[in-house]
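Asks: Read off the chains here:
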Amino acid sequence: MAALRVSCGAAASYRLFLGGRVSSARGQGLWKAAAAKLQRSPGCQILRLRHTTVVTTRKNVAALRRETYTVDFIKKQIEEFNIGKRHLANMMGEDPETFTQEDIDRAIAYLFPSGLFEKRARPIMKHPEEIFPKQRAIQWGEDGRPFHFLFYTGRQSYYSLMHEAYGKLLDVENRQDQLRAKGLFSEKTKARDPIGSRWLIKEELEEMLVEKLSDQDYAQFIRLLERLSALPCDAAEEEFVGRFRRSVTIQSKKQLIEPLQYDEKGMAFSTGQGNRKTAKAKVAVYDHGSGRIEVNGVDYLLYFPVTQDREQLMFPFHFLDRLGEHDVTCTVSGGGRAAQAGAIRLATARALCSFVTEDEVEWMRQAGLLTADPRVRERKKPGQEGARRKFTWKKR
Amino acid sequence: MSAGIMLKGMTRLISSVHKLDPGRFLHIGTQAPQCLAAHLDNQVATESPRAISRTSENDPAKHGEQHEGQHYNISFQDLKTVFSHGLPPRFVMQVKTFNEACLMVRRPALELLHYLKNTNFAHPAVRYVFYGEKGTGKTLSLCHSIHFCAKQDWLILHIPDAHLWVKNCRDLLQSTYNKQRFDQPLEASTWLKNFKTANEHFLSQIKVQEKYVWNKRESTEKGSPLGEVVEQGIMRVRNATDAVGIVLKELKRQSSSGIFRLLVAVDGVNALWGRTTLKREDKSPIAPEELAFIYNLRKMVKNDWQGGAIVLTVSQTGSLFKPRKAYLPQELLGKEGFDALDPFIPILVSNYNPKEFESCIHYYLENNWLQHEKAHTEEGKKELLFLSNRNPGQLERLCAYL
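Chains V and Z, in that order, are what the protein sequence lines are. According to the UniProt record's numbering, the first sequence is numbered sequentially starting from 1. According to the UniProt record's numbering, the second sequence is numbered sequentially starting from 1.
Next comes chain Z alone, as it looks inside the complex (with noise of 0.2 Å):
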């Protein structure tokens, strides 16, 4: 009786709730019970605006040629252990402002899931690469394969942008490992984090293979779990970046026995083969491979290993002395780099296609975003579309606060 009044109440509010905002809609709804959840489905499905824009299957592995254009929703459990630093800061900032992360699904991205769908994984790691002009969602595609594979159980092995690696490093040590390279132990801390949080369950699973000793008093057996290796390098962050290193070595030299699928993605890979803007102290500038961290993980992008797949992004966004205008991959990644990646597998990520600028719009008009009285209008559409020549960033831009 009191379960049937509950229900009854609980009915009333949602109900409410949904007529006050259909934005929020989705957060509460999670929290409603089981029982509901049918209810409220049928009331998504009668809603029409909704259908163009956004659609109801959240699992990328399911996602296919009818969902083109569909904005698909992240659960919050994802965007905090997967996406803790994969994600773009606008649109992080977007994800903040709207109470939801929603994901566009695109061509580009759809096709690499494909593959990866059909990987052989006895055969060595296939490298795909994203490239395009600034702002098509090269980044975003990478993260959606990555939502994939994390949903398909896959070890993630995601740097977000290699860029950051190369420019603006403060300390700069001398690595203990190896006295010609240099060590960066703050961003290789931060990064031993969140794989941390992205990984946790793999951790305990993966064994090391071989004894590493740290100095006189510490060391890690052999045998012992990886989350060791990696709770080391939290906590000595000296010896970060050799803990990076570790870390990769093990993780390829294991994949190809079969426990468990890696996904190597870098974001912005054309940093590993290009120049960097940091120097000695004899102000010398250091090229690419005195850092420890580059070059380890320009063996990690060889293709020399099994039971996995590597994704790669070049951009040209945060790139160091590359024209503005560059977006192809020769160009990004210059001679030495094309010849490293040889052979991969490109992917073009363009603008927009009329359907999909559509279904962007449909989703800021549905989120309030867009508060001009010209907005709902055709000629106000007309006007977004030229001035941003259905760019994805552009258009974001343009919609955003001043």
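Isolated chain V, as found in the complex (with noise of 0.2 Å):
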């Protein structure tokens, strides 16, 4: 009883101390080293049995646990990486020296063609470093001592960078004193430029950290960064600061405006594209008209019967006031009747941003008129009547 009792003792000191070691990617081994020990050990058939069991729940948890890559893993696939590129460059007839990463896309959009809406699904070829997920390294040393001070915090990167930041607001507030007692201090306030840049959110600094936040936490970071960027700041703080900030690209540059063409007889005239759904369609906008509009060779209102498609097209000209100024000729072809109307009203909205001033394209953008209606008609999925109906339940 009693030699029962202490094999029962150092199992469990033995459990204790390995479950110390959980974060290494050694443990599995250990552990099983243990389990093959303790089998060994006679007298222990019911220790045994709960070992067994406890083995097996701590290998499923573990498979649950994200994969650990290892350093010189990651090492590998960074050198696999390189070599592939410069191998994909000569595949692509291009010089391997100067292959960036949109060559790299591109090749690899040209070589592996894929019809899937989902663009994360799609065929990648990307630096491990962007594919990997970011892994914290192993943060104590051979003796179990941990290298950052801030380690038992449990965060140990959010506080020493918060520590980090409230240092250099304390500096600059003693900068600003001295300053203040020299008598040099002038009071100017740099705007940063509001729009175009914006904090980090909340997911970014996580991945930025490799650690988890709360809300709480992301909120008093931001507004310590806040309270240090309001005061006057030099170069080493303005750039510590750049470091949580993300430009915000403004979608409407990207809009291609196409200079008004003239035909024979001197009228200014713009043409667009649209679709939607099937449906193509090519317009022809010409100015100082008087509101006729002609599809196909008839006119709108016979080829579109229902109030809904001449509502369609009216809409980018009402949004504009100019109603009864241009003369509008088009083809269209595929789809059904709304879906043409849509693929002519975009095509107009196209053609008109040529008429019309920066701002009022950027209105028409905001409302929705240039932006093409990326919704199709949902493929039928087998086992289902449809795309999403299913098949009538039947209980038996």
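Simulated from the structure, these hints should not be mistaken for lab results. Ideal Cβ placement from N, Cα and C applies to all residues, glycine included. Misleading hints may appear alongside valid ones.
[Unchecked claim] Within a straight-line C-alpha distance of at most 35 Å, the following computed DSBU-like cross-link-like pairs (lysine-lysine) qualify:
#  : chain 1 : residue 1 : chain 2 : residue 2
1  : V       : K265      : Z       : K355
2  : Z       : K322      : Z       : K211
3  : V       : K265      : Z       : K211
4  : Z       : K134      : V       : K280
5  : V       : K282      : Z       : K167
6  : V       : K277      : Z       : K322
7  : V       : K395      : V       : K380
8  : Z       : K355      : V       : K277
9  : Z       : K167      : V       : K280
10 : V       : K280      : Z       : K96
11 : V       : K277      : Z       : K381
12 : V       : K282      : Z       : K302
13 : Z       : K322      : V       : K282
14 : Z       : K179      : Z       : K134
15 : V       : K265      : Z       : K325
[Claimed, not checked] Restraint-style ranges between C-beta atoms, simulated for each label pair:
#  : chain 1 : residue 1 : chain 2 : residue 2 : range
16 : Z       : K283      : V       : T278      : 38 to 48 Å
17 : V       : K380      : Z       : K283      : 38 to 48 Å
18 : Z       : L398      : V       : P123      : 18 to 28 Å
Each of the two chains sits in its own frame; use the hints to bring them together as a complex.
Replies: Here it is as structure tokens:
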């Protein structure tokens, strides 16, 4: 009985010791060794059984954990990526030295064309840093002592960052006090460009620090950075704050505006193309007209007997207050009646961009007149009656 | 003294009513005594918005170029007699809503009235055909000319929609007169009733020139008024189609004599030469000429008689087996119909021109029909113009209630 208790105790302490090693990659092997040792010990039938069950559950939990990639593994992947990049450049007939990531993307899209709608499901070839999630290196040494002084707070990167930022804030305030004491203090407030950059969002910060944050932590950090940026800082602090800002590109600058064309009689006109579902439309909008619209050679009242379609045609002109001023000639094919109306609407909006100021183009974009509607018919799946509709469920 | 007080009272009443609702003005105005009529007319002349869309000239004979685009009023008396069955159903609803029947004077109708005023009754009857795209106003132009002829005391033979005779007929009887043909008793009897209300005063004047035997017991003697034939058709529904045939024959024969002038107005004349959707008991289709009514009507529309005019419309709306975009007489009548109607004078009815469009919008605004706050503004009018493309039918549908 005493022997049993001792072995139980020993087994228990063994388990505790091994439990501390959960985070290391070698934990698996140690566990198996421990299990084998305990199995060989005599007289511990019940313990053996308990250990075997515990081992199986621990294995499942290990599988559910994120896969840890070793540093050697990542280094090997990077080498393979670089070699693969050179091979790809050779294949495409380009210079391997000056083969950028955009060239890689284009080459992959050419060699492996995919019709999948989800962009993230298509074949990609990117640097392993972007593919494998960042993982923390082991944060304690051989003796088990952690490297960072804030390790035992649980969130060492976050607190160290806060510490650094607060230190910078105190430095700036000290400098200000000194300047004020000397009398060289000047109130200069530089307004950081409010549009064009934004603070990091919580997910981006988590990715940067490789640590989980709570909402309050994130809010605290942003408040500290705002406080720091409100004071006059020099280049080092600017650079520090700049690491946590991302630029916001303005969408409308991507819209190409065609210049006006002139036909034989000297009338200004502009063309545009649009599509919606399966309908494609090509439109020519003439200036100095009377609001006449001709679709495939037929008047629009006869081509679109339904009022809803004519309202769609009216939308771009009504939005720009140019209802009776333009003549339109267009050809449209494919799709159904509403799809054709939507296609012509998009094409006329695009054509009208040439007649109109930049501001009005931006308003049209915000109104949604210049965006192609991406909705297409969803395919029917096998085992279901339609795209979403399932067969009638029968209990028996 | 009391008359004077009554006069003062009436003016106050009418002026207060006038302030309330100008739309109702005309309706109550007709009941005012004659001595106030001049006073009321003065009030009408001073109000400028009404001058754009309305005219006080209610006699179609006096309509000219200057009235183009303006609405004139049709009295309720005329509505009940002449137009008991002639107006399109949407127009009837509008009349009921606004409590007045106002028709716009338009160029095609004016052209036709000009021709009608200058007809030579010694020559064979001229055929005029209104054609145009859907909803442009062919039926209402026809009604305008019918109103004119009714005022000029012609005999009106108006078939409101020939398409109704070639489809959806429940009971087809084998004709008593000719075994190969078919009778349509219900439609014929309704038509005879409407014909009677329209031309009451003529029916006693015109005498039948032959003896007609209906069955063993009943017959109509020679020299009896036409009204008897019509009565017979209304009462004995079985013989209604034959009664119609007799009426048509007699009128054709006697119009050349000069006692009366005959106007034959058929809406949707392309039904006479198209196809029918009616079938015999053995499911074989019936051709239009096998229907007695259509057969007689074809004879009527031929120009081998004098003393009147024939005004026709071709329309795709009720037609059978014709494509939606067809509107030319050639396409809608087919080869057979075109040859039968040739020669005719085609009159194109097109969409509103800007002045007529403005006038129509004004009319709706006056009757407080357009309730949207933007309806008064220029932008609102431009929107309506775009959406309807100045088509009268489309505009009416756009402005209608939901």
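Asks: Please go over all the hints and tell whether each is borne out by the structure.
Replies: Hints and how they fare:
no., hint, verdict
1, K265(V) / K355(Z), "holds, 30 Å"
2, K322(Z) / K211(Z), "violated, 42 Å"
3, K265(V) / K211(Z), "violated, 74 Å"
4, K134(Z) / K280(V), "holds, 28 Å"
5, K282(V) / K167(Z), "violated, 42 Å"
6, K277(V) / K322(Z), "holds, 31 Å"
7, K395(V) / K380(V), "holds, 24 Å"
8, K355(Z) / K277(V), "violated, 41 Å"
9, K167(Z) / K280(V), "violated, 40 Å"
10, K280(V) / K96(Z), "violated, 46 Å"
11, K277(V) / K381(Z), "holds, 33 Å"
12, K282(V) / K302(Z), "violated, 50 Å"
13, K322(Z) / K282(V), "holds, 30 Å"
14, K179(Z) / K134(Z), "violated, 38 Å"
15, K265(V) / K325(Z), "holds, 32 Å"
16, K283(Z) / T278(V): 38 to 48 Å, "holds, 40 Å"
17, K380(V) / K283(Z): 38 to 48 Å, "holds, 39 Å"
18, L398(Z) / P123(V): 18 to 28 Å, "violated, 53 Å"
Hints 2, 3, 5, 8, 9, 10, 12, 14 and 18 from the list above are not met by this structure, while the remaining hints are.
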